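Chemist: So the protein lines, in turn, are chains A and B.
Convert by adding 51 to the 1-based position in the first sequence; the result is the number in the working numbering.
Convert by adding 4 to the 1-based position in the second sequence; the result is the number in the working numbering.
To be clear, the hints were calculated from the coordinates, so they are not data collected in a lab.
Among the hints, a few may not be true.
As the list claims (entries may be wrong) - What follows is a list of derived Cβ distance ranges for each label pair:
1) A:R270 <-> B:A120: 52 to 62 Å
2) A:N249 <-> B:P340: 43 to 53 Å
3) B:P477 <-> A:E274: 26 to 36 Å
4) A:E274 <-> B:P98: 29 to 39 Å
5) A:E274 <-> B:A514: 50 to 60 Å
6) A:N249 <-> B:G468: 37 to 47 Å
7) B:S290 <-> A:N296: 58 to 68 Å
8) B:A514 <-> A:R270: 48 to 58 Å
9) B:N148 <-> A:R270: 18 to 28 Å
10) A:N249 <-> B:P150: 49 to 59 Å
11) B:A120 <-> A:N249: 47 to 57 Å
12) A:R270 <-> B:E388: 30 to 40 Å
13) A:E264 <-> B:K375: 51 to 61 Å
Said to hold, decoys possible - Chain B side only, calculated, beta carbon under 10 Å to chain A, not exhaustive:
14) D215
15) G270
16) G271
17) K373
18) Y398
19) G430
20) E437
21) P443
22) A455
23) P513
24) L527
25) Q533
What the hints assert, rightly or not - Chain A residues, not near chain B, derived (Cβ > 12 Å throughout):
26) H187
27) L255
28) G256
29) T290
Just so it is clear, the structure is predicted and the values come from calculations on it, not from any experiment.
No residue lacks a Cβ here, since even glycine has one placed at the ideal position from N, Cα and C.
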Amino acid sequence: MAQHEHDTGCEEYNTLSRRAFVGAAAGVAAAATLPAWLPKVVLAQSASSRDIIVSVFLRGGSDGLSMVYPFTDTNYYTGRPTVAIPRPDSNSATRGIALNGQFGISAAMSSLVPAYQAGNLLVVHGAGLVDNTRSHFDAQRFIEVGKARDANLVTGWLGRHLATSTPMRSNAPLRALGLSQGMPRTLVGAPKSLPIPNPAGFGLGGSTTTRTERSAWLRGDYEAVDTSIGAPALDALNTVTLLNNINFNGYVPSGGAVYPNTGFGRGMRSAAALIKADIGIEALQLDIGGWDTHSGQAPAVVNGNMARTMTDLAQSMAAFHADAMTGGVSYRVTLVVLSEFGRNVRENGSQGTDHGRGSCMFVMGPGIAGGRVMTNNWVPLARENLESGQDLRVTIDHRDILSEIVARRLGNPNLGVIFPSYVPTVRGVTL
Amino acid sequence: MGVTLEHDEVHGAEQGLATAEVSGEASISSRRTFFVTAAAAMVIGGAKDAQAQSVSRTGRRARRKLPEPVRGVSLALASAAAPPDAQLAVWRDPVGRLLRRANFGITRDELVRAKALGFSKYLEEQLRPSMIDDRDVAAFVATNYPTLRMTPEELYGADQGKVSNEIQEATIYRAAFSKRQLYERMVEFWSDHFNIDRDKVGYLKTTDDRDVIRKHALGKFPALLKASAHSAAMMRYLDQPDSRRGNINENYAREIMELHSVGVEGGYTQQDVNELARVLTGWTVSGRGIFTYDAQIHDFGPKSVLGKTIPATAVGKGLAGKGEADAIIDSLALHPKTAHYIAIKMTKFLLQYDPTDAMVAAVEAEFTKTKGDIPSMVRVILTEQNLMVAPVKYKRPFHWAVAAVRSLGPSVTSVSLIRGLVDNMGHSLFSWETPDGYPDKMEFWSGLVLARWNAANSISSQTGATFNFNVTPFVGTTAETGAALIVDQLFGGEVTESFRTRLADFLRPAPTNTARVREAVGLALSSSQFQWY
Numbered sequence: 052m053a054q055h056e057h058d059t060g061c062e063e064y065n066t067l068s069r070r071a072f073v074g075a076a077a078g079v080a081a082a083a084t085l086p087a088w089l090p091k092v093v094l095a096q097s098a099s100s101r102d103i104i105v106s107v108f109l110r111g112g113s114d115g116l117s118m119v120y121p122f123t124d125t126n127y128y129t130g131r132p133t134v135a136i137p138r139p140d141s142n143s144a145t146r147g148i149a150l151n152g153q154f155g156i157s158a159a160m161s162s163l164v165p166a167y168q169a170g171n172l173l174v175v176h177g178a179g180l181v182d183n184t185r186s187h188f189d190a191q192r193f194i195e196v197g198k199a200r201d202a203n204l205v206t207g208w209l210g211r212h213l214a215t216s217t218p219m220r221s222n223a224p225l226r227a228l229g230l231s232q233g234m235p236r237t238l239v240g241a242p243k244s245l246p247i248p249n250p251a252g253f254g255l256g257g258s259t260t261t262r263t264e265r266s267a268w269l270r271g272d273y274e275a276v277d278t279s280i281g282a283p284a285l286d287a288l289n290t291v292t293l294l295n296n297i298n299f300n301g302y303v304p305s306g307g308a309v310y311p312n313t314g315f316g317r318g319m320r321s322a323a324a325l326i327k328a329d330i331g332i333e334a335l336q337l338d339i340g341g342w343d344t345h346s347g348q349a350p351a352v353v354n355g356n357m358a359r360t361m362t363d364l365a366q367s368m369a370a371f372h373a374d375a376m377t378g379g380v381s382y383r384v385t386l387v388v389l390s391e392f393g394r395n396v397r398e399n400g401s402q403g404t405d406h407g408r409g410s411c412m413f414v415m416g417p418g419i420a421g422g423r424v425m426t427n428n429w430v431p432l433a434r435e436n437l438e439s440g441q442d443l444r445v446t447i448d449h450r451d452i453l454s455e456i457v458a459r460r461l462g463n464p465n466l467g468v469i470f471p472s473y474v475p476t477v478r479g480v481t482l
Numbered sequence: 005m006g007v008t009l010e011h012d013e014v015h016g017a018e019q020g021l022a023t024a025e026v027s028g029e030a031s032i033s034s035r036r037t038f039f040v041t042a043a044a045a046m047v048i049g050g051a052k053d054a055q056a057q058s059v060s061r062t063g064r065r066a067r068r069k070l071p072e073p074v075r076g077v078s079l080a081l082a083s084a085a086a087p088p089d090a091q092l093a094v095w096r097d098p099v100g101r102l103l104r105r106a107n108f109g110i111t112r113d114e115l116v117r118a119k120a121l122g123f124s125k126y127l128e129e130q131l132r133p134s135m136i137d138d139r140d141v142a143a144f145v146a147t148n149y150p151t152l153r154m155t156p157e158e159l160y161g162a163d164q165g166k167v168s169n170e171i172q173e174a175t176i177y178r179a180a181f182s183k184r185q186l187y188e189r190m191v192e193f194w195s196d197h198f199n200i201d202r203d204k205v206g207y208l209k210t211t212d213d214r215d216v217i218r219k220h221a222l223g224k225f226p227a228l229l230k231a232s233a234h235s236a237a238m239m240r241y242l243d244q245p246d247s248r249r250g251n252i253n254e255n256y257a258r259e260i261m262e263l264h265s266v267g268v269e270g271g272y273t274q275q276d277v278n279e280l281a282r283v284l285t286g287w288t289v290s291g292r293g294i295f296t297y298d299a300q301i302h303d304f305g306p307k308s309v310l311g312k313t314i315p316a317t318a319v320g321k322g323l324a325g326k327g328e329a330d331a332i333i334d335s336l337a338l339h340p341k342t343a344h345y346i347a348i349k350m351t352k353f354l355l356q357y358d359p360t361d362a363m364v365a366a367v368e369a370e371f372t373k374t375k376g377d378i379p380s381m382v383r384v385i386l387t388e389q390n391l392m393v394a395p396v397k398y399k400r401p402f403h404w405a406v407a408a409v410r411s412l413g414p415s416v417t418s419v420s421l422i423r424g425l426v427d428n429m430g431h432s433l434f435s436w437e438t439p440d441g442y443p444d445k446m447e448f449w450s451g452l453v454l455a456r457w458n459a460a461n462s463i464s465s466q467t468g469a470t471f472n473f474n475v476t477p478f479v480g481t482t483a484e485t486g487a488a489l490i491v492d493q494l495f496g497g498e499v500t501e502s503f504r505t506r507l508a509d510f511l512r513p514a515p516t517n518t519a520r521v522r523e524a525v526g527l528a529l530s531s532s533q534f535q536w537y
């Protein structure tokens with residue numbers, strides 16, 4: 052059992068890794084199910100102590116400084132005459148809400164305050180990719196595959212997590228899904244995973260009268276052929292059965308949760324329904340776009356461009372928190388939200404912001420050490436402190452956050468496979 | 005010599021990838037959601053197994069040397085076709101095998117025609133596409149997809165949604181209806197080899213498709229490589245305009261070696277990549293998308309690439325310094341490693357996932373002998389001898405959709421339906437992000453099967469004005485005759501007996517009921533047997 056200790060020089064990390072490994076009755080039964088392309092790994096814990104993970108990607112480069120902002124920093128206000136969130140102690144109707152003495156959350160995201168106060172929501176600021184690309188194309192890819200500039204790496208970090216862990220439910224037809232049109236790269240490489248943009252509609256089309264008959268015909272056809280083509284076909288048929296047993300349209304969220312009627316809101320609602328259906332799904336990936344705010348950003352204007360997007364995000368997250376993370380639930384969920392990069396500290400000539408570097412991440416869940424804004428050597432946003440004189444520096448590698456979630460919440464010690472060639476620093480994300 | 009198609013007819017598309025989208029900066033998610041159009045109501049399905057993905061990439065990069073894949077539990081992980089010796093056994097007709105590889109799907113009429121011509125004459129005909137009268141398709145394309153003829157300036161001013169849809173639909177239409185089937189297959193191949201993502205370059209893909217891919221798809225490889233190197237779309241896709249003296253971007257320099265010519269095992273070093281990037285400084289794009297050489301940003305210092313020294317020269321103007329890269333590209337085009345790499349890729353695409361060393365060596369030798377003449381290489385690959393032993397391959401979604409259309413022979417005035425279905429199946433044309441092109445690996449695609457089944461059902465039930473599938477020729481008087489009609493039309497008459505029986509069994513309750521027959525056709529398109537070629 053060659054664990055990837057060599058990837059992990061750091062003492063603190065090794066402790067983390069060992070701890071995660073303890074109790075993993077793992078390792079056995081691995082060979083038959085592990086993809087041939089993976090290096091030898093230690094199977095993650097199969098116990099139900101593992102969290103389900105929901106991963107959300109903010110596509111387009113989200114302006115972290117409009118979501119959670121340093122209201123005591125005058126540089127913030129001088130650099131952003133029209134694109135700043137008013138101080139929490141101001142009289143502005145769109146003022147933010149103080150999370151602590153230094154940072155506030157924008158009014159558009161105020162629905163997240165209860166989760167923050169409950170200690171379930173962690174904000175990580177100045178987070179992002181260490182690689183300094185400002186290309187959406189590259190940055191999204193680097194984050195999703197878990198490593199920058201490695202053309203050979205095509206599977207996603209979450210896909211590799213699933214590929215190196217035993218299913219939480221043996222024989223689950225579906226372990227992961229992307230609630231998206233096409234398989235999100237984050238999940239590529241995951242066994243038993245499907246892109247399902249609308250789980251309520253996942254099924255065989257055509258006449259309902261003949262559906263069962265046609266389904267049986269296809270099952271017979273694919274049962275008779277080689278597993279290379281037969282197995283995924285049968286997985287799909289089984290998933291249809293599985294999802295058809297879930298009444299998505301009649302789903303009633305608990306905790307009084309109300310999801311916004313937006314694409315993302317409906318996706319989060321479906322995610323909760325899938326988790327509660329208890330069918331063995333252990334990872335979900337969602338996307339929300341609209342963050343590429345080069346002009347008319349308006350984060351602090353009622354119904355402003357970015358204000359709307361932030362409201363959608365925050366209300367959906369808050370509903371999910373009330374619905375799937377609180378009360379007497381038999382499972383635990385960790386939600387992580389990130390974007391490919393942040394945006395310039397100073398606004399541009401069109402009341403927007405251009406591609407920058409550090410942004411903020413959100414991590415939410417009952418197993419998260421929340422109620423804090425985590426930073427690493429945060430400095431005033433004066434020009435001399437900025438990367439290239441214009442950007443919030445990346446002071447926390449997003450992989451530090453993800454690694455800790457993977458190791459401690461998802462019980463998978465194979466960080467050397469999931470984030471190749473990276474030695475994470477433990478930041479204290481989890482309880 | 006090969007074929008350099010004249011400007012009037014064909015032009016336009018290719019295959020491979022993309023979804024539509026917006027122009028420059030739109031996020032991926034917006035691209036995915038914007039143009040779902042016809043697709044909106046459909047369901048997506050699909051699983052890409054872990055195995056699948058990785059093998060697809062590693063398989064390409066590091067050639068698998070396993071003598072014989074171990075058959076057993078881990079079978080689903082093997083990159084090679086695990087398939088169906090049974091499938092192979094029923095495909096006895098060499099002409100049928102040729103058609104399956106050289107066409108997008110076999111059709112009864114084409115099979116009859118090809119058999120009349122004979123194996124060799126049919127292949128030779130297909131290797132000279134400019135001699136094949138294809139004016140109906142050319143006329144349809146000219147009428148329906150006017151943006152294909154536009155200059156970059158015109159394209160810039162056009163409706164971007166229309167530009168995107170037209171390049172995709174023209175690609176589908178040509179693949180489905182052109183008589184130059186082998187040519188269209190090669191367009192598909194080169195579109196992946198010289199992959200460009202419309203999400204990054206927008207309308208410029210239209211010009212690359214026309215002036216690079218389709219112009220040289222059955223021509224000479226060196227001309228194709230050179231055309232690609234002078235493509236504004238490729239320059240932009242691989243960040244070449246960002247590269248300048250003192251501040252290079254190595255993206256294109258790397259990929260022209262790694263992916264376009266000598267291959268990742270081509271023997272170059274990181275130093276070569278850096279140096280080639282310096283050599284390429286000045287190769288850029290101007291205006292709305294015109295390839296331009298700009299001496300002002302060229303690095304005139306001394307350089308050394310692949311063992312070749314380029315002395316420093318005085319800073320010049322005009323085209324001064326451009327010849328440095330021209331010379332390197334010329335030598336890459338005919339490099340022995342390129343012969344090998346292109347031979348492997350073409351053989352894999354046209355013939356089988358894991359060709360033998362001997363097969364590849366023959367193709368490689370032909371490349372060397374003919375200085376990269378593409379039809380000559382195809383001739384060495386698609387021999388009767390090779391075809392009779394080649395394991396089956398799995399149709400990618402685009403291939404599958406086009407084959408379905410060809411099999412059913414619908415009356416069509418728009419293929420927007422098919423574009424939406426191809427999107428649903430995960431193969432949006434010209435949308436593969438990374439420069440390696442859509443994978444051609446069974447494992448990558450085989451999980452997206454539900455979307456494929458629903459697409460089959462959708463196509464076989466079309467009775468609309470723009471896409472009408474006339475089911476009458478498929479209706480028999482009995483279940484058995486009905487099954488035979490479907491088998492003849494969709495499979496060249498060659499299926500397993502159990503398949504034929506099961507199809508008849510499905511028809512039996514109402515063999516003359518057209519709704520039933522449409523469903524049977526949909527199932528036949530969904531069946532495992534229709535996925536192979």
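Chemist: Now tell me, hint by hint, if it's right for this structure.
Modeler: How the hints compare with the structure:
Distance hint for R270 (chain A) and A120 (chain B): a CB-CB separation of about 40 Å, inconsistent with the stated range 52 to 62 Å. At roughly 52 Å, the beta-carbon separation of N249 (chain A) and P340 (chain B) lies within the given 43 to 53 Å, and the hint holds. Remark: the range hint 26 to 36 Å for P477 (chain B) to E274 (chain A) is upheld by a beta-carbon distance near 31 Å. Distance hint check for E274 (chain A) and P98 (chain B): the Cβ-Cβ separation is about 31 Å, which falls inside the suggested range of 29 to 39 Å.
About 25 Å separates the C-beta atoms of E274 (chain A) and A514 (chain B), a value inconsistent with the hinted range of 50 to 60 Å. A beta carbon spacing of about 24 Å between N249 (chain A) and G468 (chain B) contradicts the range 37 to 47 Å that was offered as a hint. Judged by the Cβ atoms, the range 58 to 68 Å given for S290 (chain B) and N296 (chain A) holds: they are separated by roughly 59 Å. The given range of 48 to 58 Å is broken by A514 (chain B) and R270 (chain A), whose C-beta atoms sit roughly 21 Å from each other.
Distance hint check: the CB atoms of N148 (chain B) and R270 (chain A) are about 40 Å apart, inconsistent with the given range 18 to 28 Å. Checked against the given bound of 49 to 59 Å, the beta carbons of N249 (chain A) and P150 (chain B), roughly 35 Å apart, lie outside it. Range check, A120 (chain B) to N249 (chain A): about 49 Å between beta-carbon atoms, so the 47 to 57 Å window is met. A hinted range of 30 to 40 Å for the beta carbons of R270 (chain A) and E388 (chain B) is consistent with their spacing of about 37 Å.
The hinted range of 51 to 61 Å is satisfied by E264 (chain A) and K375 (chain B), whose Cβ atoms lie roughly 58 Å apart. Proximity of D215 (chain B) to chain A is violated relative to the hint, the smallest CB-CB distance being about 24 Å (cut-off 10 Å). Proximity of G270 (chain B) to chain A is violated relative to the hint, the smallest CB-CB distance being about 14 Å (cut-off 10 Å). For the restraint placing G271 (chain B) at the interface with chain A, the shortest Cβ-Cβ distance is roughly 17 Å, beyond the 10 Å limit, so the hint is violated.
For the restraint placing K373 (chain B) at the interface with chain A, the shortest Cβ-Cβ distance is roughly 32 Å, beyond the 10 Å limit, so the hint is violated. The interface hint given for Y398 (chain B) is met, as the beta carbon of that residue sits about 7 Å from the closest beta carbon of chain A, less than 10 Å. For G430 (chain B), the suggested interface contact is upheld, since its CB lies about 5 Å from the closest CB of chain A, less than 10 Å. Contact between E437 (chain B) and chain A, as hinted, is supported at the beta carbon level, the nearest pair being about 6 Å apart and thus within 10 Å.
The interface hint given for P443 (chain B) is met, as the beta carbon of that residue sits about 9 Å from the closest beta carbon of chain A, less than 10 Å. Using the Cβ-Cβ criterion of 10 Å, the hint placing A455 (chain B) at the interface with chain A is satisfied: the shortest such distance is roughly 9 Å. Annotation: P513 (chain B) was flagged as interfacial toward chain A, and the flag holds, the nearest CB pair being 9 Å apart, inside 10 Å. Nearest Cβ of chain A to the Cβ of L527 (chain B): about 6 Å, under the 10 Å cut. The hint holds.
Checking Q533 (chain B) against chain A: minimum C-beta separation of about 8 Å stays under 10 Å; hint holds. With a minimum CB-CB distance of about 7 Å to chain B, H187 (chain A) fails to clear the 12 Å threshold, and the non-interface call is violated. A Cβ of chain B approaches the Cβ of L255 (chain A) within 12 Å, the least distance being about 6 Å, so the stated non-interface status is violated. Remark: the non-interface label on G256 (chain A) conflicts with the geometry, its nearest Cβ contact in chain B lying 4 Å away (cut-off 12 Å).
Listed as a non-interface residue, T290 (chain A) fails to keep its Cβ farther than 12 Å from every Cβ of chain B; the least gap is roughly 8 Å.
Violated hints for the displayed structure, listed by number in ascending order: 1, 5, 6, 8, 9, 10, 14, 15, 16, 17, 26, 27, 28 and 29.
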